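Between the sequences and the hints, there should be enough to build the whole structure, so can you do that?
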Amino acid sequence: MLNSTGVPDKDQVVSRFFDEKILSSYKAIIECYEDIPCNPCATSCPVSAITIAPDIHAQPVVDPSVCTGCSICVTSCPGLAIMLATVKKDKARFKIPYEMNESFEKGTEVHAINRSGEIIGVAKVLNVSNYPHQLKTRLITVEVDASLLHDFITIRGIQHG
Amino acid sequence: MIYADVLIVGGGPSGLTAAKMCCEAGLSTIIVERSHILGGQLTKQTHKFFGSKDQYAKMRGIDIAVKLQEDLASFNTLTMMLETTVVGLYEDKVVTILQHNEYKKIKAKAIILATGASEKFLAFENNDLPQIVGAGALQTLVNLYQVIPGKSMVMIGSGNIGLIVSYQMLQAGIEVKKVIEATDRIGGYKVHASKLKRLGVDIQTRKTIKRAIGKDQLEAVEIVRIDENFQEIEGTSEIIETDLLCVSVGLSPLHQLASMMNCKTTYISELGGYVPLIDDHFQCSVPGVFACGDMVGIEEASSAMMEGYLAGLYTCNYLNQPHLEAESLISHYENQLYELRNGLFGRKTLRGIEKRKENLIHA
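Respectively, the protein sequence lines represent chains A and B. Per the working numbering: the first sequence = residues 3 to 163. Per the working numbering: the second sequence = residues 141 to 503.
Heads up, a few of these hints could be off.
With a Cα cut of at most 25 angstroms, we get these calculated DSS-like pairs of lysine-lysine [as the list claims (entries may be wrong)]:
1. B/347 x B/317
2. B/497 x A/138
3. B/233 x B/404
4. B/318 x A/12
5. B/355 x B/317
6. B/193 x B/207
7. A/138 x B/193
8. A/12 x A/23
9. B/404 x B/260
These are calculated hints, taken from the structure and not from any lab test. Please read these numbers as outputs of a predicted model, since none were measured by experiment.
Here's what the structure looks like:
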């Protein structure tokens, strides 16, 4: 599916997640399914939690016991393929990279979107950051229902329908 | 007559990096660039780059263009000639240029050709209607000049350029109605495809454009499904209303200046078309003429920069004025280039380079 539509299979997605015990704090989820010559995620990680080996084409591997959930890799990934996820009771929280013009206010409700671009529920915007080190990729913190953990990927303004 | 040690034709990623090496070695260097700004395609690439630190990974192309120029700012042996076109190039390394309606001549001891590539186009009915553009032109309009040429767009081609430019047009507020691909597989990196898909853009494989529809400008396109032999499947026609069509079906190396100097060229499909035959030191069949970047084979700007550094270093060696750190820099950049190509996506390039070598031996 990924090769012909750009949407990874559910199994692929789940394979990049960690179990809910590990996700009790933010961890990097890296959806890089191809061997491409790229390593900013690994070289930007301040605690060396991401490994790309034996060479630059290998897919990154996250060690969740080392990852502190700092989010530096999220805005370093040129492919926008990294987000942070955590689960607390019935809510999942994400920190996602965002590069569209649309601006989001803290506290507002927006559409939760899946990997096919479809609306799957409601997401609450908790924070928006745009520090210089993010190089103009915004980092948006959102909360969705925990049932959407493996489906949620981005947000869209309500006015867009 | 203007005299210089090195003349570099083209101020894109490979030309600028080659210039840095020549300047550091103390050679008097001239860059001739057709545009009014330096940076080549980087000046319109608003996305973050792949690669490693050496290729400025995670920086945006537009910022890399600035960085490469900053690297050259301190050299007083460097002359940059903008809005200048090379119109004649001869084996004795006398070059005629046209600068602001004035013809001038430059005589250089060595020439580095870094002319880049041009876009391929596609044959279909009405393909000359206004509002049908190549990906490069569209990036120039939107990213460089902030001109929005349409409300909606259909993209033909799912290579990295097609995917990235579609994403950039979404960022600019243009509705991307569809990205179509003639083969059964998305050509570019899937992370780029996933970025589009989550924003609601449909990417469809095994589809092609049959014709463009419109009177004075594009109004709609007819898309059809094709089989594995790229033949239309009857009854699959679909009309999509759109006022913009972007064609992104690959690039061809701009080999013409090398041909003008009688450098031997060969057609190598893996490298995008006719390319000058170069040896392991980026030297063409005419001694003292070097070529690098997309001109010797279509790759990414990351590889073009590595090739530029190397072509510059080898040019210094040729002129018996080697860079002080020539040995270590050459091995470093050769390694970088090897690493960039040594994966799934580099295989085609490596096959092409192998053919380029074989052709050189036979020539």
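Problem set entry | Indices of hints not satisfied (ascending) | Result: hint 2 breaks, nothing else.
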